[in-house]
Structure formats: structure tokens, C-alpha cells
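Participant: Sequence:
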Amino acid sequence: MTIQKIAVALIFSVASTLASVPSVATAAGVGYGLSVSPPRQTLDLAAGSTKTAFFTVKNATDKSMVVDLSVKEFSVSDKTYDYVFSKPEHEWVKTRLEQLTLQPNHAAKIIYDVTVPERAKPGGYYFALFASTKVNGAALPGTEQVATLLYVTVDGKLVRTSVLQNDSVPWFVMGDEIPYKFSVKDTGNVYFTAYFYGKVNGLFVDQPASGTSHIVMPGATRTISGSVPTPFLPGVYTMTYGYKVDFANIEIVKTTLVIFIPPWSIAASVFVLLLALWLRQRRYIKKEQS
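To convert, note that position 136 of the sequence shown is 1626 in the working numbering; the numbers rise steadily by one, no gaps.
Don't read these hints as lab results, they were simulated from the structure. In this text, a Cβ means the ideal position worked out from N, Cα and C, and glycines have one as well. Certain hints may be false.
[Said to hold, decoys possible] Label-pair restraints from in silico Cβ distances:
1. Q1771 to Q1655: 49 to 59 Å
2. T1551 to N1656: 37 to 47 Å
3. V1726 to T1677: 28 to 38 Å
4. G1646 to S1554: 38 to 48 Å
5. K1624 to A1543: 19 to 29 Å
6. D1696 to R1770: 33 to 43 Å
7. E1608 to I1740: 30 to 40 Å
Make a model of the complete structure from these sequences and hints.
Facilitator: Below, the structure is given as C-alpha cells:
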């Protein structure tokens, strides 16, 4: 593996994700200021149509930089959900520039065109528009690379289906949280966003759902892990977990019973038992003395 390959830093979603070794992440964060916005874009097109859009590339350094532009397709690996980039099978996305020079602390709009063929099948197609520049630092020369992710949906028969599987929730809990884990597989032909959550209900407890939102890509399985706070009182509770999709009023959930015994309740039970034994012994002694 060359130094150039090691030095690639990929920026995805709202936070930056550096796809290299920690030393490279430190080097890229000191003095190298190439960035793109927005981090993600979505386009809906009909087969045979063309749409023009743009993203912004910014040089936040005090030196000019030559920026190369390129396009790849992306997918996600099953379960780990790492991004996988490949040479475009569908050459639909073209930037109007292949290279530009950015002056210090300047930004530029990069215009690109998306042309969908007449015979394109309905569903989701996913591209990454890369901007890269040479890094000529003395310590670690290489390439800094950032990307905006493009989600293209071709209109037609869109299949939005999914399945919840491999779920796991402990039946007995003593700690402060009840963990849950499950996998969701997108069995359709287009991505969707869902809110994944868990909550606990009981006789005197009705917790609000607690979770987070994620994108689920077609054909891939996403593993969801989370936890909800335990109630104060011991008892048998109903644990509900699952997800709500963004494209319809659909909620896929499962429920299971969880026995919660906090440590303090065990100590309290032991104390009450000892107190009862002591009171019983005192009554027995008084009865003997009388």
C-alpha cells in the first residue's frame, strides 16, 4: 500500500469519517482544509430525464490548491455498513469540470449533470462525487480526498420493504440500562430512512421511545444496538423495540418481557427479612418470659 493511498481522508454525512490510519487523521486535521458541502444530496428523476445540480468545494487554507474532481458509485458492506466505492457501472453523473484551482480561503460551486437512460430500471442508484488535492507536507505527503454522496431515485415501481431479524434482548436485568440489538435488511430496490428505538412499559411506567435515525440501503443488513434506562421499581416490564420508516405510516416492532431486579431491592428485601426474623425472635422471647 502506497503512502498516497494511506493518506486518503473521506468525509461522509454530518461528521467527518477518516478512512485511514490515526496518524493520517492527525496530519489531515492540521493545516489541510479541503471540504465539500452538502455531505449528502438526493435527486428523484424519471427514466430518460436530465437534471443539473451542484455542490460546493472549499479551500480553508492559506495556500492555493489544485482540486481534481471524479465520480464513483458506492454501496455499503453487509452488517458492518462500511462504504464501498467502485468504478461507475452507470455513467450517469458528469461534473462540468475535471479540475480547478481554489485560491486560499475560497469556495467554488461545482456543477454536475445527471442523465438517466430511457431504459433505466426504477430504484436507487448511489454515487460519490469526489474532490481531491495533493498534500505536500514534509512529514506525510499524499492526497486529501472528500466527497458528497448522491442518492438518485429513478421513478417507477419502487419497492420499499424490509425485515427485522436477529433480535436480542436479555430477559433478566439488574443494571441501569436494558440493552437491545437487532438487524434490519432492506429487501426493496431503494434506500429509506428510519427511526430505530426502544422503550419500556409497565404498570406504573410508560417511557417515551428513545433511539436514533439511520439510512438503510437496499440489499444490505444494518445492525442496530441501543439501550433504554431501567425503571426505578423492580418488576416485570414489557420491552418494545423496532423502527418507524420515513416513507409511510409504518412501524415494525417486537415486544418481550424483561424482569428487572435492581441491587437496592435485593438489599432492601434482605433487610426486611432480617427485621422480620428479629421481630419474631423478640416476640418469642417475650412470650417465653411471660
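Participant: Now, for every hint given, state plainly whether the structure supports it.
Facilitator: So, going through the hints one by one against the coordinates:
1. A hinted range of 49 to 59 Å for the beta carbons of Q1771 and Q1655 is consistent with their spacing of about 57 Å.
2. One distance hint, 37 to 47 Å for the beta-carbon pair T1551 and N1656, holds here, with the actual separation near 46 Å.
3. For the hinted restraint 28 to 38 Å between V1726 and T1677, the CB-CB distance of approximately 34 Å keeps it satisfied.
4. Restraint check, G1646 to S1554: a C-beta distance of roughly 45 Å satisfies the suggested window 38 to 48 Å.
5. Separated by about 27 Å at the C-beta atoms, K1624 and A1543 satisfy the suggested range of 19 to 29 Å.
6. For the pair D1696 and R1770, the beta carbons lie near 40 Å from each other, so the given range of 33 to 43 Å is met.
7. Range check, E1608 to I1740: about 32 Å between beta-carbon atoms, so the 30 to 40 Å window is met.
No hint from the list above goes unmet by this structure.
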